[in-house]
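Asker: Chain order of the listed sequences is P and U.
Every number in my numbering is 601 more than the matching position in the first sequence, counting from 1.
Every number in my numbering is 601 more than the matching position in the second sequence, counting from 1.
Note that these hints are calculated values from the structure, not bench results.
Worth double-checking, as some hints may not be accurate.
Any copy will do: because identical chains look the same in the list, a pair fits if it lies in one copy or spans two.
When the alpha-carbon atoms are kept at most 20 Å apart in a straight line, the in silico SDA-like pairs for lysine to any residue are as follows [to be verified]:
id	residue 1	residue 2
1	LYS686	ARG703
2	LYS751	GLN644
3	LYS686	LEU658
4	LYS751	GLY707
5	LYS669	LEU714
6	LYS686	ASP738
7	LYS686	THR652
8	LYS659	GLY636
9	LYS659	GLY622
10	LYS659	ASP680
If you want the building blocks of each chain, they are given just below.
Protein chains: 2
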Amino acid sequence: MKWDDLAKEPCSVARSLAVIGDRWTLMILRDCFLGVRRFEAFQARLGISRTIVADRLKLLVEEGVLRKVPYQDGPARYDYRLTDKGFDLYPVVMAIVRWGDRHYAGEAGPPILHRHRACGHDFHPVTTCSACGEPVDARDVETRPGPGFKGS
Amino acid sequence: MKWDDLAKEPCSVARSLAVIGDRWTLMILRDCFLGVRRFEAFQARLGISRTIVADRLKLLVEEGVLRKVPYQDGPARYDYRLTDKGFDLYPVVMAIVRWGDRHYAGEAGPPILHRHRACGHDFHPVTTCSACGEPVDARDVETRPGPGFKGS
C-alpha cells in the first residue's frame, strides 16, 4: 500500500502533537519526570517568559496530562503533578533524551544518568515489541490501516 | 538531589528539541517512517503551507536527520530519506504514536497497525531497560547528574 496516495487521516498522532508537539512543552514534561513541580522552577530552568510557561502548563492541565495540587493558601500556590496520562508520556520523553544523548551530548557524555531501581543498573531505554519482547527496528515493521483509519 | 535547585544545563535534550520539538516536524518524521518521501506528498498529507514544509525539511537535512536524493533532473527533484540518525528517531515517533493511540484514538481504535516482521505479530512499543530487559516505569527510575552535566 502506498502511503503517498492516501488522504491524510485526522489521526491520533495529529491530536497528540497538538498537545505535546512543542519544544517548551516537551522541556516542561522532561522536567516533570525529574521531579520539578512548581511554576517558578519550570520558568527558572527553562529561562523563558512566564507567559510561555503559563500557556504550556494550562494546556497540559486542560488535557489531563498534569494536575494542579495546592500546596499553599492565600495566595493559592500549586504544584503541577503528572497524572497517569502524563506518566504514560515517559517513553516519549525517554526516547527524546536517548536520541539527544546519542547525537548531541558530545564527548562529555550524557548530562543525566538514569538508574533502574529494579535491577540497580544505569540504563538507556530500548524499544521492544509487545508481542515477542525483542528490540524493534523501523526497517523490520510493516504498517497498514487500522480500525480507526479515516483515509480514503 | 533536588532538581528544583539546579541551574538549567545546556543539555542534549534542549538541543534535540531545537531540532524535533515542533508539531509539523514530528508529523513529517512520522510520515517518513510510513514511507513518504516527496515534498508534495508531505504537503498534501499535512495540509499546511509549502513554506512550513520547506522550512522543516531544510532543518532536518541540515541536522543530518534526512538526506536529499535526486530522482529527476531538469528541474531537479528530490526524495527526502531518513539517515541513520533519522532512523534513530523511531522510538520517539513510535512512543508518540502509542500515546496517541491510547489517549486519542477513541472507540474506533488505532488508525494504523504495526506488524513486527520478525515475529509476525501486530505490536505496540514497550520501553525496556537496556540492563535487565524488563519494562521501565518512570516511578522506578532514579536520576543523577552524568559526566556531561553543566549545572551547578
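Asker: Look at each hint and say if it fits the structure.
Answerer: Do the hints match the structure? See the list:
no., hint, verdict
1, LYS686 / ARG703, "between (27 Å within a copy, 9 Å between copies)"
2, LYS751 / GLN644, "between (40 Å within a copy, 18 Å between copies)"
3, LYS686 / LEU658, "within (15 Å within a copy, 31 Å between copies)"
4, LYS751 / GLY707, "between (43 Å within a copy, 13 Å between copies)"
5, LYS669 / LEU714, "neither (28 Å within a copy, 35 Å between copies)"
6, LYS686 / ASP738, "between (26 Å within a copy, 13 Å between copies)"
7, LYS686 / THR652, "neither (24 Å within a copy, 34 Å between copies)"
8, LYS659 / GLY636, "within (18 Å within a copy, 35 Å between copies)"
9, LYS659 / GLY622, "both (15 Å within a copy, 19 Å between copies)"
10, LYS659 / ASP680, "within (13 Å within a copy, 39 Å between copies)"
Violated hints, in rising order: 5, 7; the structure is consistent with all others.
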